[in-house]
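Work out the full structure, taking the sequences as your base and the hints as a guide.
Protein chains in written order, with our numbering: chain G, 1139 to 1412; chain V, 26 to 239.
Hints listed in this document are in silico derivations from the structure and should not be mistaken for laboratory results.
Note that the structure is a prediction, hence the values are computed from the model and not measured.
Please note that the accuracy of each hint is not assured.
Said to hold, decoys possible - If you anchor each label on the Cβ, the simulated ranges turn out as follows:
# : chain 1 : residue 1 : chain 2 : residue 2 : range
1 : G       : A1166     : V       : Y63       : 31 to 39 Å
2 : V       : Y63       : G       : I1185     : 53 to 61 Å
3 : V       : Y160      : G       : D1344     : 43 to 51 Å
4 : V       : Y63       : G       : H1174     : 38 to 46 Å
5 : V       : K98       : G       : E1206     : 48 to 56 Å
6 : G       : T1338     : V       : K98       : 47 to 55 Å
Unchecked claim - Taking lysine-lysine pairs in the DSS-like style, the calculated list, with each CA pair at most 30 Å apart, reads:
# : chain 1 : residue 1 : chain 2 : residue 2
7 : V       : K152      : G       : K1180
8 : V       : K98       : G       : K1194
9 : G       : K1287     : G       : K1345
Said to hold, decoys possible - Over 10 Å on every C-beta distance to chain G, these chain V residues come out as not near it, computed from the model:
#  : residue
10 : Y27
11 : F179
12 : V188
By construction, the Cβ of each residue, glycine as well, lies at the ideal position given by its N, Cα and C atoms.
Below, each chain spelled out in residue letters.
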Amino acid sequence: MFLLQATKSGVSLILFLGTIGMIILVVALVIFIILHQRRVVKFQNKINQMEQEQQKILLNASIKLQEEERQRLAADLHDDAGPLLATARLYLNENLVNQDKATQLQSIFQARQIIDDTILLIRNISHSLMPPTLKNFGLESAVNDLFQKISGSGTINASSRFHEYKDRLKSEKELVIFRIVQELINNILKHSSASFIHLTQNIHADKFYLRIHHDGRGIVQSDFDKLNKSNVGLGLKNISSRLRLVQGQINFEKDISQTYYKVTIELPKDEPYQ
Amino acid sequence: MYSYLLLPALFLFNLTRKKEIIVLAIYGLVFFGLLNIYEFLPNKNLRIVYLCFYTFLEYAIFAYLIASSIRQKRIQAFILVLSLCFLGFQVLYFLMVDFKRLDSVPIGIETILMFIYIAYYFYHYFKTGTDRYIYYAPSFWVAIGILVYLGGTFFFNILVNHVDKNQFESFWHLTYLPEILKNVFFSISIFLYARQSKNSISNKAEKVPYLDLI
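Encoded structure:
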């Protein structure tokens, strides 16, 4: 109403200033939108690039690890199973029929021994690929079994305790967790010179927790993040990619007493295993 | 006035069947014609009908262009409902109010409605988080064109019935600038729409390899 009641010169002024003001406002708005969007796009592109690089590193690590595993398998089969079977064949060659009965029995017995050894070897290889305890009795038994074997060697004191694991996780999830535990234990045995390892499990508010304590040399979260972004630390990258698969998280830290290192794995607890 | 011819000229130059380009070309052609016939209208009643029609057609085209860029069925339906309300209001205004030069109130409402649509368009654009710069989007130039045009002429359109003839004559020319700017921005959008359309055609062609034996 004020605009409409203004004098003749006042209306002219309002009209002129209003029009100029509106144009300036629109131009300012356009500049702001363009600049703001440019900044957002640049930031988004940077994040995408970083994610791609991280994915690439993880993928490379997992491929490399898979190749190493295949090489190990090939070496086991070629170096151990191959010669054993060749030796068994030697005992059972054609000349066996021309020999006396005692020698024949001796050769057959030797061949049987070798075949038994080969069966055991192949079973060990197969167990290293997929632990039967894990498949048949679950994560708790497989982890306890692994820790008993480590402790049985006598060089290190290893123990594990599952506080609440009545409802098993899905078998795929159990396998992923078991592989992560194997990798962590392997690292501790290789690099930490620890005298004891202890694993505890618990459940809290729909989350599954696993914690490994050890008294050797360890790493903290910043070291883990650094190694994850670098070209070394294949095992740790593999842990990261496996955790991503089960939407889990891992945290490396030092105990408040500064005596132990702790590795905590946290993942969502899904519906009970059927 | 001749800047409106830029739009059909660019359409003929690009010759793509994209809906938005066709709408913009028709807009340029129709409004060039409408602006030319105004002087020849014989009586006031016809001029009033002409002005109401001009405002609604302009609003309808702008609303269509913005709604087609939002691509959300619910919002498009909402714009359609508001447009029908606006049409109803214009009919009432036409029947009940006698205006001197321009239908200021419907133009004011048109401006406010378009500002709301454009604000939502920008909100939607940022929300969908596209990784392309906004000035590569043809709809951005359409929105900017509408903003500059309606913003630049807003005060003139509101106060036009309250100024004398001399003031009207001197300020009328001031509206040319936003009008020309709008047509230039619309031309940029035609150019970008055509490029987008060509790119999508060439992308489709690249996806299917040459499979014939000969």
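Here is what the structure says about each hint:
1. For the pair A1166(G) and Y63(V), the beta carbons lie near 33 Å from each other, so the given range of 31 to 39 Å is met.
2. A hinted range of 53 to 61 Å for the beta carbons of Y63(V) and I1185(G) is consistent with their spacing of about 54 Å.
3. Checked against the given bound of 43 to 51 Å, the beta carbons of Y160(V) and D1344(G), roughly 47 Å apart, stay inside it.
4. About 41 Å separates the C-beta atoms of Y63(V) and H1174(G), a value consistent with the hinted range of 38 to 46 Å.
5. A beta carbon spacing of about 53 Å between K98(V) and E1206(G) agrees with the range 48 to 56 Å that was offered as a hint.
6. Between T1338(G) and K98(V) the Cβ separation comes to about 54 Å, which falls inside the hinted range of 47 to 55 Å.
7. Proposed proximity of K152(V) and K1180(G) is supported: the alpha carbons are some 16 Å apart, at most 30 Å.
8. Distance check on the hinted pair: K98(V) and K1194(G) sit about 39 Å apart at the alpha-carbon level, beyond 30 Å; violated.
9. Of the pairs offered as hints, the one joining K1287(G) and K1345(G) holds, with about 28 Å between alpha carbons and a cut-off of 30 Å not exceeded.
10. Against chain G, the non-interface label of Y27(V) holds: every CB pair exceeds 10 Å, the least being about 21 Å.
11. For F179(V), the shortest C-beta to C-beta distance to chain G comes to about 6 Å, within the 10 Å cut-off, and the non-interface label is violated.
12. Listed as outside the interface, V188(V) is inconsistent with that label: its C-beta sits roughly 6 Å from the nearest C-beta of chain G, within the 10 Å cut-off.
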